[in-house]
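Novice: Okay, here's what each chain looks like letter by letter:
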Amino acid sequence: MSAAPTPPAGSAGWTIASIRHALESRKISARELTREFFTRIERENPRLNAFLALSPERAFAQADALDAKITGTEPLPPLAGVPTALKDVLNTRGTETTAGSRILKGYFPPYDATAIDRLDRAGAIFLGKTNCDEFAMGSSNENSAYGPVHNPVDLDRVPGGSSGGSAAAVAAGLAVVALGTDTGGSIRQPGALCGVPAMMPTYGRVSRYGLIAFASSLDRIGPFARTVEDVARVMEVIAGRDPLDATSADHPVPSYSAGLDVPVKGMRLGIPAEYFAEGLDPAVRQKVEAAIARLKELGCVTTPVAMPHTAYAIPVYYLVATAEASSNLARFDGVRYGLRVPGATLSEMYRKTRGAGFGAEVKRRIMLGTYALSAGYYDAYYLKAQKVRTLIKSDFDRAFQQVDLIVTPTSPVPAFKLGERTADPLAMYLADIYTVTGSLAGVTGISVPCGKVSGTLPVGLQIIGPHFEEGRVLRLAHAFESAGGFEM
Amino acid sequence: MKITREDVLRVAELANLELTEAELSTYGAQLESILSYCEKLNELDTANVEPLAQVLEARAPAEAAPQHLREDASRDAGIIGEVVRRAPEGVAAQPAYFRVPKVIDR
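Listed in order, the protein sequences are those of chains A and B. Letter 456 of the first sequence, counting from 1, is numbered 456 in this note's numbering, and no numbers are missing. Letter 89 of the second sequence, counting from 1, is numbered 89 in this note's numbering, and no numbers are missing.
In case anyone wonders, no lab produced these hints; they're calculated from the structure. Backbone N, C-alpha and C fix where the C-beta goes; we use that ideal spot for every residue, glycine too. Some hints here could point you the wrong way.
Incomplete in silico selection of chain A near chain B, CB under 8 Å [to be verified]:
1. P56
2. F60
3. M349
4. Q386
5. R389
6. T390
7. K393
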């Protein structure tokens, strides 16, 4: 703990609005700000391992282009000069993109993912690519081929996963905002464990074009930031229909930031008892219950809601996600990109390349997914899981007929020690118990910090909303954050 | 659910994965334990439940995917040179291609 870096006052203070103000009033140039962040990354990253690749050439080019536009008369773009970190599963033109895997070492994509292109056009500065569990498969970041990320609040502990590098970078002040991806909790859970707001948008809300796919019926792209307001500001840039992603929804994108201050008095919040059952750390429970009491003080009304299929979400998730992964990861075969291990035949080349290129957890999941889809087992596992997925979604549909939002813990435990759970894959899967449900139902959710346990370890409050109600989720999260009253 | 060595070999073959002896035995035991856990789903009667592949299909027609299906027309993204240059054995000929071992034997 004593070795943990303390975020310098300057970095922790930057927000999207304060950067805009500093640029407009010429207190700092985009180039100077970018330089400040690279200096901090060079100093802190060796301890955290949050970044896998830096992109100073692109960052300074973006900064210079922006500085040339600061005339004092024209309005700056919405994310002007904002130092941004990007999870390494997102394709970025000209910057090495490995998805945390050996099989993509040396891969430099020729194009930007749509979410990244939108940030670029909005004036963001791309610092580099953040470490993650290999192909986003993991809950602790220990499945990265490039070593684990260390949690900035305690270097002996995990940052959560799979977007651990993005969460740690924002928490340590190495970036003002970051993009992550969430398939079963990979944005919300590291957000909780590192103590920063982190949002999973509704399925279809943000284009996945250019995302290296893990499980296509679950994958989302979403932001980490220091404040809920900044999460909202990134959301309104990246959300919206994209002709390049047929699963992106044609649904209007409101100004999330403009709606943040609408009062939350009278909001109906559902509290599902299933999320406060066996397995929840008592200290975490206490913080979450205190947070719910705080929400009542703000005028919200809480109601118990029944979500009876919650206990089945982990097996459903691990069957559906691995089946989809086994299909999506078939493209990594040594032919077109990344690693190739020579073989006498095409088939031998595939096998050797994939055997050498994928790590243990990725192979385990490909095996599980292939098994669940294989002849003779499809009905018993994959089809059964899809049917129970319907029941899990109907739990949410029913609850949202009674309440506006659902409030739960994000993770049953605070950040655990590195190495503590790696021996037992099933124990690691249970870390996702409160997040996989929302993933399967396609709904939106955020994790916001709600205090600390053991003096240092952050706890996250999860706020879940119906499809396309990001605005409502952000509004409650913002009201909670503004009310304060918990240890930060 | 008993997972035999033959099951593991069959799945590895389907998945195009070369596994070491050590991996063969760990994955066998781990798949068995994970699949046993998944059998918890059999507690639920799903005889009259429709499977859910993804949530978009359940939405209102205005948001459903079909109206977004575009014409299946190719367009030049202008990146072929870059793609073959970065590929393990890309060949920048006209047209560009990837070199692979011969495929006739299988």
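Novice: Evaluate each hint against the coordinates.
Specialist: Checked hints:
1. With a least beta-carbon distance of about 21 Å to chain B, the hint placing P56 of chain A at the interface is violated under the 8 Å criterion.
2. Taken as an interface hint, F60 of chain A does not check out: its beta carbon lies about 22 Å from the nearest beta carbon of chain B, beyond 8 Å.
3. At a threshold of 8 Å, the smallest CB-CB gap from M349 of chain A to chain B is about 6 Å, leaving the interface hint in force.
4. At about 3 Å, the closest approach between the beta carbon of Q386 of chain A and any beta carbon in chain B falls short of 8 Å, and the interface hint on this residue holds.
5. Contact between R389 of chain A and chain B, as hinted, is supported at the beta carbon level, the nearest pair being about 4 Å apart and thus within 8 Å.
6. Here the hint on T390 of chain A is kept, as its CB sits about 4 Å from the closest CB of chain B, short of 8 Å.
7. A hinted interface residue such as K393 of chain A counts as satisfied when its beta carbon comes closer than 8 Å to some beta carbon of chain B; here the least separation is about 6 Å, so the hint holds.
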